[in-house]
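**Student:** Between the sequences and the hints, there should be enough to build the whole structure, so can you do that?
Sequence order for the protein chains is A and B.
Take the first sequence: its position 209, counted from the start at 1, is 209 in our numbering, and no numbers get skipped.
Take the second sequence: its position 177, counted from the start at 1, is 177 in our numbering, and no numbers get skipped.
In short, the hints are calculated from the structure, not lab data.
We treat Cβ as the ideally placed atom computed from N, Cα and C, and that holds for glycine.
Treat the hints loosely; a few may be bogus.
If we take Cβ atoms under 7 Å as the criterion, some of the chain B residues that face chain A in the derived model are [claimed, not checked]:
#1 Val-43
#2 Pro-47
#3 Ile-49
#4 Lys-98
#5 Asn-132
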Amino acid sequence: MKHFSNRYIFTFSAIMVIAVATLLSLAATLLQPAQERNLEIEKKKNMLESINITATRENTETLYEKYIKEGFVINAKGELVEGVDAFTVVLKNEQKKPIDEQYLPVFKAVPDDGKDVIIIPVEGKGLWGPIFGYVSLESDMNTIYGVNFDHKGETPGLGAEINTSEFESQFHGKKFFDSDKFISVQVMKGGAPEGDIHGVDAISGGTITSKGLQKMLFDCIEKYNTYLLKNRI
Amino acid sequence: MSNQEKEPILSAKNLKLLTEPLGRNNPITVQVLGICSALAVTVKLKPAIVMALSVTIVTAVSNLVIAALRKSIPDRIRIIVQLVVIATMVILVDQFLKAFVFDVSKQLSVFVGLIITNCILMGRLEAFAMANKPWPSFIDGLGNGFGYGMILIVVSFFRELLGSGTIYGYPVLEKLGIFRTGYENNGMVILPPMALIFVGLIIWFQRSRDKSLIEKH
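**Tutor:** Quick look at the structure:
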């Protein structure tokens, strides 16, 4: 075995570290615009899916222009906040603020059936990391028109099933309020009773993700209560 | 160098490097490496295939890099150097996927990170690439990646079929009308411990066919 001096070892490690650091930061900087663009398209695509429109990567932009009419930001009192772009609000950062200072984004959309729906972004915790999505409500501000959920790293086949259409389609027609009382939608282990307007079936093997999703819906939609009750038809 | 005979690119020796890990020297069933990720990603066929491909690429390329550098890597810090090479490869792959094939990157999600922790990678670098030329090392990486992927695909095929009643997301059992006879999906199969049992069955099957694999004590 060849013997290497300490000096050689130090030089070798220093060169290795510098080379790797340069390579990685170059890759990160050069690829960042493309990555950010992908994330933006992904966000728009998810929003469209929450109003039951399936978009591909190519036509997302056009469909977004066509169906999503406007976005604005409100506060917990239901008042409009001026001068903030709803699309760029990062929910994760907002959730760290005190409730009175949080920006709550709302998007208005008109799908093909001509209904006026609003889209509310939601974000919470799953088992391994964040879960997030969009919930669209009909103009009664109570009935769910559609949902889209996604996750950062839930287990495939188990928690990751929250982004399958089988799971998401259960939410269609469920209600958040019982007259004026906020109930949210429960994700029930063992299955929701038939005709339950506040419950959907949980995912077997994905209990913690299911519970996280239930908590996410409750926490995020509750903040909009004042706005929803004020604007219901 | 000049007095050595030039080896053909796919000599019998190199070919053996490619085929041995598929059978007699399989990284999962014989060397029992990479079991953790084999449990995690085999619920469905699709992530298993994606994982198999990524591990194959990363093992082959890091084997190649380490083998090329093997004479200048100081012995005392070789493990750190190996880790740096693997981690750099994985991060680069992840960045490229995010920028150019976003859908695949979403599909992979946590597995990209899991590749770094895969024992097969370190095992091959330490056992093979540190002592062999770049080209055979590359082949060895490919072979071990395929051997790993093969088991992953077999296990996930059965887990998806029995656990979810689908193959590659296609609801075969429903289309065949099996559910009408009272058959139900076995929820236990999608839980991680069942992957261990499937791997165990494969090991049992392989050793019953090839007695030379059975330990002598």
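**Student:** State for each hint whether it applies.
**Tutor:** Verification of the hints:
The closest approach between the C-beta of B:Val-43 and any C-beta of chain A is roughly 3 Å, which is under the 7 Å cut-off, so the hint is satisfied. A hinted interface residue such as B:Pro-47 counts as satisfied when its beta carbon comes closer than 7 Å to some beta carbon of chain A; here the least separation is about 5 Å, so the hint holds. Because the beta carbon of B:Ile-49 sits about 12 Å from the nearest beta carbon in chain A, more than 7 Å, this interface hint is broken. Interface restraint check: B:Lys-98 against chain A, minimum CB-CB distance 5 Å, threshold 7 Å, status holds.
Interface hint status for B:Asn-132: violated, as the beta-carbon distance to the closest one in chain A is roughly 16 Å, over 7 Å.
Checked against the numbered hints listed earlier, the structure breaks hints 3, 5; every other hint is satisfied.
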